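S.K.: Following the hints, complete the assembly by docking chain B onto the known chain A.
Chains as they are written, first to last, in the numbering used here: chain A, 10 to 468; chain B, 25 to 488.
Keep in mind the hints are simulated off the structure, nothing from the lab.
Note that the coordinates shown come from a computational prediction; the quantities given were computed from them, not determined experimentally.
Using N, Cα and C, we set each Cβ at its ideal position, and we do this for glycine too.
Check the hints yourself; a few may be wrong.
Stated by the list, open to error - In silico BS3-like pairs for lysine-lysine, Cα to Cα no more than 25 Å straight-line: (1) B:K260 with A:K338; (2) B:K292 with A:K395; (3) A:K63 with A:K213; (4) A:K369 with A:K338; (5) A:K63 with B:K292.
Claimed, not checked - From the derived model, a few chain A residues whose C-beta atoms are all more than 12 Å from chain B: (6) D143; (7) S192; (8) N215; (9) N219; (10) P306; (11) N310; (12) L396; (13) W413; (14) A414.
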Amino acid sequence: METFWTLKLFFVFVLGPAICETRPNFLLILADDLGYGDLETNGHPTSAAPSLKKLHSESLVFSNFYSASAVCSPSRMLRQGDFLRFSILDITRAFQLFVMIMPEPCFGQCNNGDVSCPLYSNTTIVEQPTSLPDLTQKYTHKAILEIERFSKSEDPFFMYLAYHETHHPQFAGDFRNASSRGSFGDALMEMDHSIGKIISALKKKNLLNNTLIFFTSDNGPSLMRHERGGSAGLFRCGKDTTWEGGLRVPAFLYYPVHVQPGITHELASTLDVTPTILALANVTSRTDVSHGFDLSPLFLNHSQEVRQSLAMFSTEPKKAFEPYAIRYKHFKSHFYTRGSSLSDDLNFDHACRSSSRQEKHDQALIFDLSVDPSERYDLRSPEARKLRGQMEQLRQEYRANVTWAPSEMAKGQNRHLSPCCSRPATCEPFPDCCDCDEEGSFSSPNDRLPEISVISVGP
Amino acid sequence: MVSEGMDMTSFYTAAPLCSPSRAAMLSGRLPIRNGLYSDNAFGRNAYTPQDIVGGIASSEILLQELLRKGGYHTKLIGKWHLGHRAPYHPLKRGFNEWYGAPNVHFQYDGTTAPNIPVYKDQNMIGRFYEGIAINLTTGISEYTQHLGEEALEYISRRGRTGKPFFLYWNPDSTHAPSYASARFRGRSQRGTAYGDALIEVDDIVGKMLDLLVNHKLENDTLVVLTSDNGAALVSKREAGTNAPFLCGKQTTFEGGFRTPAFFWWPNKIPAGNASSQVGTQMDLFATFLDLAGLPMPRDRVYDSISLKPALMNGDLDLEKVVFFYRGNGLFAVRKGRFKMHLWTWRTPQEELKRGIDYCPNIHMDGIVSATQVNHTAEPILFDVDNDPEERYPIRPGNSPTIYETAVGYLKKVVEKHQQDLVPGKPALNYCDPAVENWAPPGCEDLDDCLPIPASKVVICDWPH
Numbered sequence: 010m011e012t013f014w015t016l017k018l019f020f021v022f023v024l025g026p027a028i029c030e031t032r033p034n035f036l037l038i039l040a041d042d043l044g045y046g047d048l049e050t051n052g053h054p055t056s057a058a059p060s061l062k063k064l065h066s067e068s069l070v071f072s073n074f075y076s077a078s079a080v081c082s083p084s085r086m087l088r089q090g091d092f093l094r095f096s097i098l099d100i101t102r103a104f105q106l107f108v109m110i111m112p113e114p115c116f117g118q119c120n121n122g123d124v125s126c127p128l129y130s131n132t133t134i135v136e137q138p139t140s141l142p143d144l145t146q147k148y149t150h151k152a153i154l155e156i157e158r159f160s161k162s163e164d165p166f167f168m169y170l171a172y173h174e175t176h177h178p179q180f181a182g183d184f185r186n187a188s189s190r191g192s193f194g195d196a197l198m199e200m201d202h203s204i205g206k207i208i209s210a211l212k213k214k215n216l217l218n219n220t221l222i223f224f225t226s227d228n229g230p231s232l233m234r235h236e237r238g239g240s241a242g243l244f245r246c247g248k249d250t251t252w253e254g255g256l257r258v259p260a261f262l263y264y265p266v267h268v269q270p271g272i273t274h275e276l277a278s279t280l281d282v283t284p285t286i287l288a289l290a291n292v293t294s295r296t297d298v299s300h301g302f303d304l305s306p307l308f309l310n311h312s313q314e315v316r317q318s319l320a321m322f323s324t325e326p327k328k329a330f331e332p333y334a335i336r337y338k339h340f341k342s343h344f345y346t347r348g349s350s351l352s353d354d355l356n357f358d359h360a361c362r363s364s365s366r367q368e369k370h371d372q373a374l375i376f377d378l379s380v381d382p383s384e385r386y387d388l389r390s391p392e393a394r395k396l397r398g399q400m401e402q403l404r405q406e407y408r409a410n411v412t413w414a415p416s417e418m419a420k421g422q423n424r425h426l427s428p429c430c431s432r433p434a435t436c437e438p439f440p441d442c443c444d445c446d447e448e449g450s451f452s453s454p455n456d457r458l459p460e461i462s463v464i465s466v467g468p
Numbered sequence: 025m026v027s028e029g030m031d032m033t034s035f036y037t038a039a040p041l042c043s044p045s046r047a048a049m050l051s052g053r054l055p056i057r058n059g060l061y062s063d064n065a066f067g068r069n070a071y072t073p074q075d076i077v078g079g080i081a082s083s084e085i086l087l088q089e090l091l092r093k094g095g096y097h098t099k100l101i102g103k104w105h106l107g108h109r110a111p112y113h114p115l116k117r118g119f120n121e122w123y124g125a126p127n128v129h130f131q132y133d134g135t136t137a138p139n140i141p142v143y144k145d146q147n148m149i150g151r152f153y154e155g156i157a158i159n160l161t162t163g164i165s166e167y168t169q170h171l172g173e174e175a176l177e178y179i180s181r182r183g184r185t186g187k188p189f190f191l192y193w194n195p196d197s198t199h200a201p202s203y204a205s206a207r208f209r210g211r212s213q214r215g216t217a218y219g220d221a222l223i224e225v226d227d228i229v230g231k232m233l234d235l236l237v238n239h240k241l242e243n244d245t246l247v248v249l250t251s252d253n254g255a256a257l258v259s260k261r262e263a264g265t266n267a268p269f270l271c272g273k274q275t276t277f278e279g280g281f282r283t284p285a286f287f288w289w290p291n292k293i294p295a296g297n298a299s300s301q302v303g304t305q306m307d308l309f310a311t312f313l314d315l316a317g318l319p320m321p322r323d324r325v326y327d328s329i330s331l332k333p334a335l336m337n338g339d340l341d342l343e344k345v346v347f348f349y350r351g352n353g354l355f356a357v358r359k360g361r362f363k364m365h366l367w368t369w370r371t372p373q374e375e376l377k378r379g380i381d382y383c384p385n386i387h388m389d390g391i392v393s394a395t396q397v398n399h400t401a402e403p404i405l406f407d408v409d410n411d412p413e414e415r416y417p418i419r420p421g422n423s424p425t426i427y428e429t430a431v432g433y434l435k436k437v438v439e440k441h442q443q444d445l446v447p448g449k450p451a452l453n454y455c456d457p458a459v460e461n462w463a464p465p466g467c468e469d470l471d472d473c474l475p476i477p478a479s480k481v482v483i484c485d486w487p488h
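So here's chain B without its partners, still in its complex pose:
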């Protein structure tokens, strides 16, 4: 896929973790605008565990809604993660079809909390660890195979109609706890379920590309592969890697945000090139609309540019700005080759004590720190083209001209951003055990409706 397409090497997510990142990609807007954040405490990462009350706001216009309106058939396969309650159901948010789960595949005991349901379209068809088996002892589950079969079936079926489609394929097997199907478990040199899961996902991606070619759809289909955030280094031996980038998931260093991004479109996108276009997953919103010939809504601010010129002609937009938010806190900004950190934070002390570390082996006093550090008075500056590893801060004392110039314009970028910013209403402030997946639609037919406990709305605790 990479050798036949384009590799964007300065491509970022909108958040260092799952829900806000995914919501931003589909809405074309930063979490701080679209509401997928919390302001319960400054600079904390929030997401959509199953006791979350909120989800993506109905006022947000999602990519699949616009594509569908523009004549596309749409399908979500795999993880949704923009809210699991009825108003946030993917079929209410622009997808014609859905096969997958609303939340992370963590295991619950079924009594104090229900296991996560897997849906086919409107209704649940089973739950993880129950009908949809994941064996945590062996690290084996056939779930990714189901997601693959769904995808191949969909491409064949929709490909035959000659009408455009949008397939959003979200396997979650490389998320802890990792799993792979029996055929792939033990296959990787890496030796972990993570490594096996990666091989399995890769195998299915290969089958999808082959199928597109077989159906002669390759010249009419853009395939993009990316990830929702950096590798979760807390998983230690079971983790992925962000090398050469600093730290990982949950942080605003490059390891939390910079992500693989491969674009495949034979005969449209030149083969085998890397692009230095700075981009974010929110740009997929404008890019897809641009390629589909559909207009961007004009009633709101977007954090999205079309990457079409970079993909098809190699034209670079050097004005692109990347904002690195942790929750409601603007921690860093990148424009051009410079990245400026206004705040830095590694892992809170109480988590470090429990062996949770988003930056293992790394000691950078005052930068990779156990408490939030405010650098606004003298921001930390990196040249992430020269120093993508964020190892060597450019100090005002050593390179005053570079520092003053870069920090000067980055501060102006931040100032303008903050002046214009109208924060969305935070959707991730409240939690309630009653909203968990006790009795999802379709549970009656499966005789799998669990008793719903009394409602008890609390302020969610976001520890990091």
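If we strip away everything but chain A, and leave its shape as in the complex, we get:
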């Protein structure tokens, strides 16, 4: 039993030549707040996303894929989160491939007194405030231009397309009122259209056959936005909870020739994206500790149980309580649960509301997610007692083995670090002075850009 329970958590990557001759290009597409139930391929009756539907049908679909966090920034791994020691930046530095990073979303989170949302091109703010209705068109245009550039190069590329869709408040450009699902459906359609155009561009430039496309979402739906917030489908609750609706997200991997379309029920996580990409790119990471696994044996060699377990953390993790939940094989145990206002204080399921405060389950809840994906029926059978003990042991191992990084969030905030068009963020009157002077007068590269804004690394 001891070896059975040995965690494969802290393996140093052994990077084999998974794909020997040519390394694939990578297109990583991340939707924002798109829930498991939001795509027509997962049963939504009024969503329409034909490009994603086609991609889905030609992909390996991960039915048990989890975001590492139930809210955006830690999930995205763009910064070193409290427990995620690995970031996309690490990939890009290790790769030395071309990288294009879209600006981080800041709408929806903007408070009074914050600067308006900037649009970056590499290290330069080219628009502030960003015009949202045509933002996705700009992304599409830029991505296609880059694809044309990539096509002239021998080097493989990594493109990270982090859409703002379908985060509230939605915008949809030409797709306003195009769907029968309202603003959420319109935004989804616009993103889908953009993805379709970008895939067409890859095809046109003969890059598609050597490109691995991975599509997923950063976390579950923001149910507080009601009909504009997305759907977790058959899963319980949504964003900012460790119930399935907060963490389980749509995910599919397209890699023609190499990966057979179909479905895998194997456990996987956004934590595994980086190790997988690095392995396929045959790049040795400078970071030797990761919570992720290289999933490529799973989809290239049909290996099973590349990942056996996953720890689920709350969004404001405190050492005393984490991890909140453990998934092991098809079982999930909740040791702590709490609702969140992001999952709607009017939610018809009381467990999702913020009035459901942090609750310790002395007898951990345990669900068989294969049978009961909606987490309705706590296992009470005598067999479950043994399983509950195993889950507790697994949790203790996570607790013992996770090295907590210093919290980035705990470093506090300083308005002078705000992205500010062509001038330091010490300008007055703040924050209005941070807006670009006028449309078209793009600023020169800003050498005073705060550290957190330097998120792209050139070739």
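M.R.: Only chain B this time, still in chain A's reference frame:
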């Protein structure tokens, strides 16, 4: 099937449970018109257990009767559920052939109540749990395989004649108690007999489609897959799912009525599309007649439109109305994107106490409620395109214009419906132990005739 055909995502049954739903599909008329309901108490779901006296009225014209008259050969394979007594026998109601059972495959002790017979055409050939084994401990039965073999044999046989046929294939293995054959039991990732049963049904559907292609019949055959009502969430871990829809079987929320609907007809129906045409299973009546070139009877009111324009040309009929009846009660109505609830009801309190819940984990005060709630004065309105989960009622205080407009026209729709409505005579009011399947036709040859108890007609009790 879905990728080669059309998926209708706003498709509804006519009732939130088996018998009335099936009767409405085959008659093209709401249960309140065709009589497959009860008015013993307001808003209660009735069906055809084996002590039911009634069944589908002889005055109703059924789809298979019209098709047969129009030159089709017809066969029912599987569950009938429109009445098990002699006058309601499928062979008297338009089917050339039948293999299957008249009622649900519940287990009885054979003494206080007989087990349900399985028929081949006119006569019974055995009973569930007896000659036709269902092992409830292992969840294994080969019955679905029999239904599959019958279907494949029928398609091959009738396909060779070059004449049109109508096959009505009704497996019941995903109905509790679920079962699957030994070859499929344990196959599903889901891990339940329900999950295994689904895989088995899927496998047979695949074989049927392949066979149609092998016989070069695919361009001449419309295949429709749908379900008689939402998943029975009372079965808990053994249940299906209605996600993302609210509640399940027995209720007038979307989870009770909205059902999968796949239409497959290569080269006739465009492949891989979803259609937002609002439709009901009663529409299959007019659709099939339309495609067969047969006229609709003109002597009665139908709740049925032909879906041919939506299936073949993508033309939408935006006037389609869906009525959500629970028994004799009109609980809700949908037209366009709006659904209006006049009455709501979850599960009666006494059933909730026993752990029976048609809406597990759901708390919507005054809407998902243990007693019937009358909302007629201020109906509950949902935009089921924007909010298919029926989570966010449109309140008159918050969106007065939308609310007033939508409720205004939906009320007019209801008013007109109720003015014109001539309710059928309720067929599900009376129960009698003497009418149970004690001595079905053919029992003599099997030496399986059970003594018939004295008749005692009672008013049926429909608890929900």
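S.K.: Which hint numbers doesn't this structure obey?
M.R.: Structure breaks hints 2 and 7.
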